[in-house]
Structures are given as C-alpha cells and as structure tokens.
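Engineer: We have chain A; now place chain B onto it with these hints.
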Amino acid sequence: MIAATMPTQRPSDARLLVVDASGHVSHRARVELAEVLRPGDLVVANDAATIPASLSGRHDRSGRPIEIRLAARRSVDARDPSRFRAVLFGEGDFRTPTEQRPLPPEVRIGDHLTLGSLAATITALDHPRLVDVAFDGTAAHVWEGIAREGRPIQYAHVPTPLRLWDVWTPIAGPPVALEPPSAGFVLDFRTLGALHARGIAVHTLTHAAGLSSTGDPALDAMFPLDEPYEIPAATAVAIHRARREHRRVIAIGTTVVRALESSARAHGRVRPGPGLASLRIGPRTDLRVVDAIVSGTHERGTSHHALLSAFTDDATLARADEALEGARYRTHEFGDSCLVERRLAEIALAV
Amino acid sequence: MDRLGVVHAGAMHRALVEDTEARMGMHESRGSLRGLRVVVTGGTAGLGRALVTELSQRGAQVGLVARRRELVERVEREVPGVVGVVGDVGSKDDIHPIALQLTGRLGAVDVLIHNASSLGPVPLRPLADTDCEDLERALAVNVVGPFRLTKALLGALVGSASRGVGALVVSITSDAAVNAYGGWGAYGASKAALAHLSAIWEAELGKDGIHFVSIDPGDMDTELHALAIPDADRASLKRPETSATQIADRIATELHAHADRREENAS
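Top to bottom, those sequences are chains A and B.
Mapped onto my numbering, the consecutive letters of the first sequence carry residue numbers 1 to 351.
Mapped onto my numbering, the consecutive letters of the second sequence carry residue numbers 1 to 267.
Just chain A, same shape as in the assembly:
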C-alpha cells in the first residue's frame, strides 16, 4: 500500500475493499457504500469531534522544549477539559517521524509545563513519557487555549499542517476525540441520504478516541488506552431491534466496535449511557454485536489490523492484504477503506 499524504477526507476516487462473510474479496468505489450494504442494515458511527490535542511549549524546571499529545480523556463529557493522560515528546514536531523524535526532558510529579497561554502540572507518571496532566484555570480558559493554540495530532506521512476542518468528520459533534474517528470521513450527507433511501438506518454513539501511536514500542504496547464512550438510548434500542430481527449491525470504524463490544461484554447487552472501553479486540474476541466493520486500510502489525482479525480468519485477511497491496490502495487516515464482514463459514457449513 502507499501512504495517503493529502488531507482530503473524501477523494472522489476513494476505493472500498469488500471482504464478505464467505471470505470473498472484491473492489468497489467507496461512494457506492450504500449499494454495498443491504436494506435493513443498521449503521453505527462515532460522532465525536476531534480536539487539537498537540500542544507545544516548555518544561519549566529544565527550560527545555516539549510537545504533549493528549492521549486519553477521563470522561466523555466535553465540558471537562482539564485532566488528560498525555504522551510527552522532545523537541520538534510532526514532521519528524515519531520513532525518531528526541526524548522529552525527564519529568517528575508536580513539574509545570508552559504551553502557550496554558499552564499544566504533571500529576502522575506511568512511564517516563506517559503522564497525567491537569491544566490550570477555568474550563473557559482551557478550551480557549486548546482551540487557539492546539494543533491536530498528525504523523509525518502528511507533510502539510492539519487544520481542524481536515479532521472533523461531517457528523462531528461533541469534541472529545483526540485523534479523528477517521472511518467516519466516508459519511458525507449524500451518502447518509443514499443509506436512508435504501432503508439503512444510521445511528451514532460518542467515543473519545485516544492517541493511536507514539513511536515507542514499549508505550505502543500499552495502546489503545481505555477510552470513555456514551451510547444514546435511541442507538441502543435500534441495536436491540436489529439483533432481534436478524438484521446486521455495521460499525463505522474501530472505535464503534470497541464501544459496542465493551458495553455488551460489561452488561450482557448494549446498554445506553456512559462506559469505559477497555476491551482489546483481536483474533480471539467473540463479537457479540457487530456484524461488519467499515475501516481504513491498515498494515499488518497495527492494533487496527489486529481488530480486523476478530471479523475474519487469517487466510482471508492475508488475501485482503494481498489485494490491498496488489491494487496499490492508499493507507492511513486519509486513505481508502475496507468493509470486512464477520466470517460465517462455520455456520454455513453447519447448516
């Protein structure tokens, strides 16, 4: 695959690799998503807007430059912007690949950071670079500082600085994600209209997607961190009804899978209200709610790729990887997409 280097959410030539329930792989245009799905399907998307979660400044005690990337929120209530888990980086910015970034200055609990107009205190250390921070001042002051001086978290494969409009999905509402729920880039209002016209309902949940990658293998092994989410009552009801009527639940993105499956695991069924997604989804995860996922294309070895193995077997995923490589799909958040249906071979054989 090749990296998608332009921050275009919906390139007109975007493609969709479809991996169906029998393991068959086909190529479609992504604008045809509504036709690829079936009448009666229930689509669930993440409506979180993305906070510009990269803040640069100075570590007061050493005087050295520091970048912090907000990595996880404590709750899904947007009105509390003061406390985050965060990952520290040394001098430089997104133009340097994360694995080549200089280490941040050594920090201790109680150290102060000056980040533009914002001031923050380190309140806990889980790892020399994974910390809890608390911003000083009122919610109004913190939101204004983040809004004016924060930059969207980005990685070196996109060379131009991202703006908020590059990373907010068309349905972005509550600003609680720290990286964009980018599978949702596919859902423009034309597509929403086409889904509706085909008898495919769309519901949302809010999942505070966290930092995805740090470039440090020891840290990355701890990811994804626990992520708060909230499932609206109407979404839970629509899911129960769909399952009862043997209609499929289609998740737009890994965050939706994580929220729905975490809720079903914690409560026996998807329950409305807030929760904390701690479930790591991989080959041995027994999916209870989601029948198919629309996702970006991901390279083997990433946690997003591992999540796809909950949907289909290794041989099928290997064929999908070959198809992505062979047809030169674009990868990363502004790249092409795939639809992976949960493998039903065993059931088909049993019947």
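Think of the hints as simulated: they come from the structure by calculation, not from any bench.
Wrong hints could be hidden among the right ones.
Unchecked claim - Residues on chain A that point at chain B, a partial pick, calculated with CB under 7 Å:
(1) Asp47
(2) Ala78
(3) Ala147
(4) Arg148
(5) Pro161
(6) Trp165
(7) Ala172
(8) Pro175
Said to hold, decoys possible - Restraint-style ranges between C-beta atoms, simulated for each label pair:
(9) B/His256 <-> A/Gly110: 36 to 46 Å
(10) B/Gly35 <-> A/Ala140: 16 to 26 Å
(11) B/Glu73 <-> A/His246: 37 to 47 Å
(12) B/Gly35 <-> A/Thr160: 35 to 45 Å
(13) B/Ala199 <-> A/Ala234: 24 to 34 Å
Unchecked claim - From chain A, some residues computed to sit far from chain B (all C-beta separations above 12 Å):
(14) Gly23
(15) Ser26
(16) Arg79
(17) Asp80
(18) Thr98
(19) Glu144
(20) Tyr155
(21) Asp166
(22) His196
(23) Arg243
(24) Ser303
(25) Ala306
(26) Ser309
All C-beta atoms, glycine included, are put in the ideal place defined by N, C-alpha and C.
Structural biologist: Structure of chain B alone, referenced to chain A:
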C-alpha cells in the same frame, strides 16, 4: 353541583397555572426554552444582546460569539451562566475554534442564531461607490461566516435532532433583503443570500429534523441602525427587546411544532 364542580375545576386550574408560573418564572409560562443550548452570534450589542437576556430568562443556556473580549466578558458578568466565546464569524480561521469552544463548554448546541451582521460600507453609499472589499466583508460576515459556522456545528445539531430535542438554525434577515433600497446594496444583497441559503438548508435537512428559518426583526433602535440612518426618529423604532421576545416565541413555537409532528409520525 355541576356549577360548583366547574368553578372548582377552574380554581384548580388557576392554582395550577399560578403554581407553575411561580416555580418556573413568569416568562416560562409562554415559550419556555428550559434546557436548550442556544448560540447567538454578535451577542454583545443590539438585538443579539437583547436575545441573550431573553433566552436566558426563558431557561436556555446561552452561548454568545463576538469579536471584542471586553464586551464578551461584560455580558458574561451581566448574565450569569452565559458562555462567551471571542471570535470573528467573518474569519475562516476563527470558525472551528469558535465551534470547538461552544460545543466544548455547552456540551451540545440545539439552536444557532446567526445574528452578527456587517452593514457593509458606513456611511451607506450607492453600489457605484461601494468598494469591492466592503462587499466582500459584508458577504464574509453575513453569508459565508454563517455558512461555515452552520457546517462546523452541523454534527452537534444532528445530535440534538436525533436525541429528539430538535435542532433549529435562525438567520436574522431584513426587509432590505427583499426590497431594493438604494444605499443598502452590500447589506441587502448579503442578507438576501443568507435568507436563500437558509431556505435551501431547510429544503435539504428539514426532513432530517434540522430546521432553518429566517426572521426579519423589523427596524430597531440599535447601534447598527444608528450607523445606517444616524438621523432616524428613534421613537419610531422598535425596541430590540421587543424583537428578542418575538424571536424567542418563534423559536419555542418552531421547536414545539416540529416535536408535535415527530410524535404524530411516531404514532
């Protein structure tokens, strides 16, 4: 007995109404907006300022957007609970930071009122004497800014509509958008565009429960009006508070009407 019964029922009803009014405040008995998150652009002067007070008194949580920090902070002091955001809706770079602060601090946005306006060149002048830059500025504040802010807050409005709260975008227009008054070219043309955008938004998204209306508040005794017509007879002008009351009534009516229609459709 019947007669007594009726009198008794009437007294009961009056007691209930009085009790409700006492609990909710007199204003709420007509057109309560309790619990709604309402954003007003240009909320520090004229109609916008009157709207902030009127909407707050009706129980809404109000967010306001204006350019001058000292005025925003003054309104925050004067009307407790108001969320003030400093920004220029006519500036592309300000829109997402404004939207982020509004949704972050209010938690959601149910009603958005595009009230901030630019008159264009002041004093007013004929189109032949209007600089292109003055027209561009009027379009930026009165048309493109509201379009951008609507787009940036659309996901929040979709969320309100799907929660059943209802979502409404109000554009403040003018009779200058309908009639061709000499000297009002930049303002009138931009307000006509704003009203037409609003109508097309409604045609496209009304069926999804996100509604768009344009309201002409009439000629009011405001700073904007004084800039346009310095020698106007102020006694003949409407008080902005009167227009604010009418607009708040209209918002309540629109939201209730659409909620009733949703219930009919559901049953």
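Engineer: Confirm or reject each hint.
Structural biologist: Results of checking the hints against the structure:
Interface hint at A/Asp47: satisfied, since its Cβ lies 6 Å from the closest Cβ of chain B, which is below the 7 Å cut-off. Taking 7 Å as the C-beta cut-off, the interface hint given for A/Ala78 holds, the closest approach to chain B being about 5 Å. With a least beta-carbon distance of about 4 Å to chain B, the hint placing A/Ala147 at the interface is held under the 7 Å criterion. The criterion of a C-beta within 7 Å of any C-beta in chain B is met by A/Arg148, whose closest approach is roughly 6 Å, and the hint holds.
Hint status for A/Pro161: violated, given a least beta-carbon distance of 12 Å to chain B, over 7 Å. With 7 Å as the threshold, the beta carbon of A/Trp165 comes within range of chain B, its nearest partner Cβ sitting at about 6 Å, so the hint holds. About 4 Å separates the beta-carbon of A/Ala172 from the nearest beta-carbon of chain B, less than 7 Å, and the hint is met. At about 5 Å, the closest approach between the beta carbon of A/Pro175 and any beta carbon in chain B falls short of 7 Å, and the interface hint on this residue holds.
The hinted window of 36 to 46 Å between B/His256 and A/Gly110 is violated, with their beta carbons roughly 54 Å apart. Between B/Gly35 and A/Ala140 the CB atoms are about 21 Å apart, so this pair conforms to the stated range of 16 to 26 Å. Separated by about 57 Å at the C-beta atoms, B/Glu73 and A/His246 break the suggested range of 37 to 47 Å. For the pair B/Gly35 and A/Thr160, the supplied restraint of 35 to 45 Å holds, since their beta-carbon distance comes to about 42 Å.
B/Ala199 and A/Ala234 have their C-beta atoms about 29 Å apart, which keeps the hinted 24 to 34 Å range intact. Annotated as non-interface, A/Gly23 keeps its C-beta farther than 12 Å from every C-beta of chain B; the closest such distance is 35 Å. The beta carbon of A/Ser26 sits about 31 Å from the closest Cβ of chain B, which is more than 12 Å, so the claim that it is off the interface holds. The claim that A/Arg79 lies off the interface is violated: its Cβ sits roughly 5 Å from the closest Cβ of chain B, which falls inside the 12 Å cut-off.
Against the 12 Å criterion, A/Asp80 falls within the reach of chain B, whose nearest CB is about 9 Å from its own CB. Remark: the non-interface label on A/Thr98 is consistent with the geometry, its nearest Cβ contact in chain B lying 25 Å away (cut-off 12 Å). Not every C-beta of chain B lies more than 12 Å from that of A/Glu144, the closest at about 6 Å, which undercuts listing it as non-interface. At the 12 Å boundary, the C-beta of A/Tyr155 stays outside the reach of chain B, the nearest C-beta of that chain being 20 Å off.
For A/Asp166, the condition that its CB be more than 12 Å from all CB atoms of chain B is violated, with the nearest at approximately 10 Å. Its closest Cβ contact with chain B, about 8 Å, brings A/His196 to no more than 12 Å, contrary to its assignment away from the interface. Against chain B, the non-interface label of A/Arg243 holds: every CB pair exceeds 12 Å, the least being about 20 Å. No Cβ of chain B approaches the Cβ of A/Ser303 within 12 Å, the least distance being about 26 Å, so the stated non-interface status holds.
The claim that A/Ala306 is not at the interface with chain B holds, since no C-beta of that chain comes within 12 Å of its own (minimum 29 Å). Distance check for A/Ser309 against chain B: the nearest CB is about 31 Å away, which clears 12 Å, and the non-interface claim stands.
When held up to the earlier numbered hints, the structure conflicts with 5, 9, 11, 16, 17, 19, 21 and 22 and fits the remainder.
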